[in-house]
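Chains as they are written, first to last, in my numbering: chain Z, 315 to 630; chain V, 315 to 630.
None of these hints come from the bench; they were simulated from the model. Owing to the predicted nature of the structure, the values given are computational and were not obtained by experimental measurement. Glycine included, every Cβ here is placed at the ideal spot set by N, Cα and C. Warning: the hint list may mix true and false statements.
Taking CB as the label site, the calculated pair distances span [to be verified]:
| id | chain 1 | residue 1 | chain 2 | residue 2 | range |
| --- | --- | --- | --- | --- | --- |
| 1 | Z | Ser473 | V | Lys591 | 54 to 64 Å |
| 2 | V | Val342 | Z | Ala374 | 49 to 59 Å |
| 3 | V | Gly318 | Z | Gln601 | 48 to 58 Å |
| 4 | Z | Thr337 | V | Lys614 | 21 to 31 Å |
| 5 | Z | Asn453 | V | Ser421 | 49 to 59 Å |
| 6 | V | Phe338 | Z | Thr430 | 55 to 65 Å |
| 7 | Z | Pro367 | V | Val342 | 53 to 63 Å |
| 8 | V | Gly616 | Z | Gly582 | 30 to 40 Å |
| 9 | V | Gly343 | Z | Gly318 | 53 to 63 Å |
Listed below are several chain Z residues computed to face chain V (Cβ distance under 8 Å; list not exhaustive) [to be verified]:
| id | residue |
| --- | --- |
| 10 | Tyr500 |
| 11 | Asn502 |
| 12 | Pro503 |
| 13 | Gln504 |
| 14 | Gly508 |
| 15 | Leu533 |
| 16 | Leu535 |
| 17 | Ala536 |
| 18 | Phe539 |
| 19 | Leu577 |
| 20 | Gly582 |
| 21 | Tyr612 |
| 22 | Gly620 |
There are 2 protein chains.
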Amino acid sequence: MRSGIDVECREVGLRDGLQIQETFFTTVGKIKWLTLEVEAGMPEVEACSFVPPKLLPQFADAIEVVAAALKTKGSIISALAPNLRGAKDAFASGIHKLNYVTSVSESHNMANVRRTVDESVEDFRKIVELRNATPGAENIILAAGLSTALGCTIEGQVSEDAVMRLAARFVEAGADELMVADTVGYANPQQVKGMFRKVIEEFEPAIPIGAHFHDTRGLGLANAFAALEAGCRRFDASLAGLGGCPFAPNATGNIVMDDLVFLMEGAGMKTGVDLDKLVAIREIIAQNLPNETLSGMYAKAGAPKGFTPASSIAAE
Amino acid sequence: MRSGIDVECREVGLRDGLQIQETFFTTVGKIKWLTLEVEAGMPEVEACSFVPPKLLPQFADAIEVVAAALKTKGSIISALAPNLRGAKDAFASGIHKLNYVTSVSESHNMANVRRTVDESVEDFRKIVELRNATPGAENIILAAGLSTALGCTIEGQVSEDAVMRLAARFVEAGADELMVADTVGYANPQQVKGMFRKVIEEFEPAIPIGAHFHDTRGLGLANAFAALEAGCRRFDASLAGLGGCPFAPNATGNIVMDDLVFLMEGAGMKTGVDLDKLVAIREIIAQNLPNETLSGMYAKAGAPKGFTPASSIAAE
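Kindly generate the complete structure, drawing on both the sequences and the hints.
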């Protein structure tokens with residue numbers, strides 16, 4: 315984690331937020347969004363997904379966006395790749411970190427990436443091998459995401475054991491990080507606390523654990539707080555709450571980045587992010603997606619009187 | 315607390331939700347709302363505020379609404395009274411419980427009820443005396459609410475010490491219950507946890523502690539979870555998140571009752587409330603306030619597949 319911060323908020327809006335957007339978010343707009351967010355102090359930005367443009371035209375400009383992102387300073391630039399082919403392109407782009415996602419529940423994985431969980435793990439193993447064999451790629455961080463880890467729209471409840479088993483398989487295969495995701499917005503904070511305690515106890519500090527919540531049923535930030543209490547220090551979120559999952563009906567939106575940073579900063583956890591600058595960037599989303607309703611309560615209500623973000627307090 | 319439940323959710327929408335509504339919510343609509351909510355298992359309903367109809371025409375039907383509420387079975391029927399005069403009317407109406415509210419911050423109390431905090435405490439003392447001296451009123455529960463306990467739009471931060479001192483004064487004056495309120499939606503879950511631990515340790519079990527959160531900056535349900543973790547078992551909320559405070563700009567809405575019940579039931583805490591029946595009652599609000607945007611994510615997204623509310627699990 316970047317020095318001087320207590321908790322890492324990670325912008326995933328440019329990937330998770332845009333992947334089901336039918337409106338093409340201009341390349342200039344994407345670059346402006348991520349550049350300003352890096353300048354606001356965001357420690358990590360997921361810039362795009364490396365998928366065939368035929369499948370997701372939204373990411374047809376992936377190489378250009380990543381190239382621009384890599385010109386900014388101070389943030390980890392990541393991208394998603396759903397398979398070996400995408401990983402190859404991602405490595406060539408020069409990203410710092412690759413995110414790979416597999417659903418814990420078989421049927422959701424099949425619906426999402428048309429592979430069994432076994433095949434997904436094997437594919438990840440090949441991505442690790444490719445990374446290790448590609449000159450210049452050796453330092454790229456490989457993060458394995460466990461989707462539907464807190465519930466599945468097809469299978470319902472997902473057991474902690476299934477999550478722990480798949481996590482262990484990814485670590486064995488060479489994952490540098492794990493990300494536990496409530497892909498479909500099913501999680502309850504009590505459940506989150508138990509799950510994250512277990513995963514963190516088992517894998518940290520060797521393998522950092524990230525959290526990925528959606529606010530589908532209103533509990534997204536309660537879940538983030540529960541994960542924080544369980545020791546989690548890495549959180550995905552999306553500016554203005556953009557996002558969703560094509561296979562999760564009504565799963566509208568990642569947790570809102572601006573509200574998450576407000577939560578963390580108020581809880582005394584330095585994010586390194588300037589809230590005022592962050593909120594101002596919402597305007598770029600509004601301009602590029604004029605028909606999208608932007609989420610976020612902090613942006614609407616403003617800071618409490620006398621609010622002092624943890625990041626604004628000088629270190630001893 | 316009613317036997318068989320672990321946590322008490324209290325409907326305050328008919329009072330806090332309606333007090334700044336300019337549209338008159340029909341008496342028939344109010345009675346239908348509260349009657350159906352009692353039937354859905356709601357253990358406590360705040361039916362109205364006893365204030366001069368000239369000031370708040372919304373509550374001109376207070377006596378009629380309370381009379382209808384008292385015909386339902388199984389729930390505590392409460393009402394707010396801002397002063398001795400209102401308390402007298404409230405006692406005469408036959409309610410089970412009286413809620414009285416004072417801001418911890420002087421200037422907010424002055425703006426809200428035009429009295430110093432000292433005067434408010436003295437007024438409460440007279441309400442206790444009146445209750446004790448009124449035949450048939452002896453069993454009416456007197457709850458003292460501490461507004462702006464987690465921050466104030468006029469004074470900014472409010473200290474824990476100030477909250478503890480005012481709480482002690484109300485208990486000394488004869489309060490049967492206390493309610494700690496984030497009236498203006500300033501609270502952070504970390505702060506909530508510390509505050510509720512302190513208040514609960516000091517006053518429970520002799521004096522039950524309730525929590526009252528607004529979702530102004532998106533942290534309402536995170537705050538509710540934090541209070542739950544601190545041991546709080548009584549939560550105010552408003553169906554569809556109706557509400558606000560006339561002196562708190564943009565303080566739009568109590569936490570959403572339906573989402574709160576979903577949180578609690580998913581956390582294994584029995585509320586006694588039937589979520590399906592609860593969600594159906596939103597329609598009455600929609601009919602009576604056609605121009606109001608109803609909040610609530612659970613109602614929009616529905617139950618997670620395989621979701622088992624704690625209250626649906628038979629006791630051993």
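Right, here's what the structure says about each hint:
no.	hint	verdict
1	Ser473/Z / Lys591/V: 54 to 64 Å	violated (30 Å)
2	Val342/V / Ala374/Z: 49 to 59 Å	holds (57 Å)
3	Gly318/V / Gln601/Z: 48 to 58 Å	holds (54 Å)
4	Thr337/Z / Lys614/V: 21 to 31 Å	holds (22 Å)
5	Asn453/Z / Ser421/V: 49 to 59 Å	holds (56 Å)
6	Phe338/V / Thr430/Z: 55 to 65 Å	holds (60 Å)
7	Pro367/Z / Val342/V: 53 to 63 Å	holds (58 Å)
8	Gly616/V / Gly582/Z: 30 to 40 Å	holds (36 Å)
9	Gly343/V / Gly318/Z: 53 to 63 Å	holds (55 Å)
10	Tyr500	holds (4 Å)
11	Asn502	holds (3 Å)
12	Pro503	holds (5 Å)
13	Gln504	holds (4 Å)
14	Gly508	violated (11 Å)
15	Leu533	holds (6 Å)
16	Leu535	holds (5 Å)
17	Ala536	holds (4 Å)
18	Phe539	holds (4 Å)
19	Leu577	holds (6 Å)
20	Gly582	holds (6 Å)
21	Tyr612	holds (5 Å)
22	Gly620	holds (3 Å)
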